[in-house]
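Could you build all of it, start to finish, from the sequences and the hints given here?
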Amino acid sequence: MSDTDTQTAGHDTDDRGHDKGPQPQRATPPLMPRPSKAPPPMQADQRPPIERGAHLLALSALKNAEIPFVVAGAYALHLYTGIYRDTKDLDLFLKREHVERAMEALAGMSFQTKMHDPVWIAKAFANDEYFADLIFSSGNGVAVVDDLWIDRAHPGIVHGLPILVAPPEDIIWSKSFVCERERFDGTDINHLILACGKQMDWNHLMMRFQPHWEVLLAHLTFYRFAYPGQRDHVPQWVWEELLERARLQENEPEKKKLCRGMIIAQGQYRVDVEHWGYSDARLEEVPTFRDYKKG
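Numbering-wise (full-length UniProt numbering), the sequence shown opens with residue 1 and increments by one.
Treat the hints loosely; a few may be bogus.
[As the list claims (entries may be wrong)] Simulated restraints on C-beta separations: (1) K257 <-> G108: 14 to 22 Å; (2) P162 <-> R85: 48 to 56 Å; (3) R152 <-> W237: 14 to 22 Å; (4) T187 <-> D232: 15 to 23 Å.
[Claimed, not checked] SDA-like, lysine to any residue: derived pairs with alpha carbons at most 25 Å apart: (5) K88 <-> K198; (6) K88 <-> E100; (7) K63 <-> Q199; (8) K198 <-> F225; (9) K95 <-> L56; (10) K198 <-> I157; (11) K294 <-> E250; (12) K294 <-> F225.
What the hints contain is simulated information worked out from the structure, not anything from laboratory work. Note that beta-carbon positions come from the ideal geometry of N, C-alpha and C, so glycine has one too.
Right, dumping it as structure tokens:
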């Protein structure tokens, strides 16, 4: 139920006609029954031919232009976990300095390109349905694509074309800040840890989260809950380090009204900044976002 749909609970009266106060609403059954099980996994090459063609053309354009990039998104999730997701888009991660060249290469292949948001993403449309996202940061400006995304990438194949797949550690880093009401990437993080946790470079992941280690701790707690029998996919030293940081952490001064919620869910924490007097942590702690706002 959305905020605008929220209604006051009904009131009942006792046998003397006195108001008994608000009563809990009875849950209504869903309009459609939920499926009893998830659909069987599909292979990436089972995508519609027109989708495969559009994505292959985009990949080939960047490879032919010798632009360093890695594949992430639904394709990377499938390659690492076997989970198939038909999202229509192709997520290509590259450094900000290479975005204009990538857009030119795609425009040369008849893609319609535009800078969608200068903080993190450009888009290239093959047609009205299929497109490629050129991503150079997370939407909050934290997980900036740097050389390590490319240098630590894993080899893979998409639609018969050899490519580089974004490292799972950096995918987790980027996805961890997607905690909006309408989209939460914690499930993807859990599946990546389940599939790759024992092989991941946890020192690298800890380095990535250095300023925002509490976000990592939160997601790892969700993982422990989801997979109690596979908790050893997260090294014990990681838990000990994060929990020790939490134990030693002191409260921020009460007068410091800073909202880091804007880093993980801008839509849900806007009220704090616009109406409750909290400052937007992105302007204080995220250089990429701060520089963009300064123009």
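Subject >> Outcome of range test on Cβ distance (T187, D232; 15 to 23 Å) >> reply: Since T187 and D232 have Cβ atoms about 20 Å apart, the given range 15 to 23 Å holds.
Original post:
Is K294 within 25 Å of F225, Cα to Cα?
Top reply: The hint is violated at about 41 Å.
Original post:
Does K294 pair with E250 here, judged by a C-alpha cut-off of 25 Å?
Top reply: 32 Å, violated
**OP:** Below or equal to 25 Å on CA atoms is what counts here, so check K63 against Q199.
**Re:** 28 Å, violated
Subject >> Distance restraint between K88 and E100, which requires alpha-carbon spacing of 25 Å or less >> reply: 23 Å, holds
Original post:
Are the Cα positions of K198 and I157 separated by 25 Å at most?
Top reply: Holds - the C-alpha atoms of I157 and K198 are around 23 Å apart, at most 25 Å.
Subject >> Whether the CB-CB distance between P162 and R85 falls inside 48 to 56 Å >> reply: Taking Cβ atoms as reference, P162 and R85 lie about 22 Å apart, which means the hint is violated.
**OP:** Sort out whether L56 lies within 25 Å of K95, counting only the CA atoms.
**Re:** 21 Å, holds
**OP:** Could you tell me whether the CB distance from K257 to G108 stays inside 14 to 22 Å?
**Re:** 50 Å, violated
**OP:** Using the Cβ atoms, figure out if R152 sits within 14 to 22 Å of W237.
**Re:** Given a distance of about 21 Å, which is inside 14 to 22 Å, the answer is holds.
Original post:
Does K88 pair with K198 here, judged by a C-alpha cut-off of 25 Å?
Top reply: Violated, at roughly 31 Å.
Original post:
Taking only the CA atoms, is the gap from K198 to F225 under or equal to 25 Å?
Top reply: 18 Å, holds
Hint violations for this structure: numbers 1, 2, 5, 7, 11, 12, all remaining hints satisfied.
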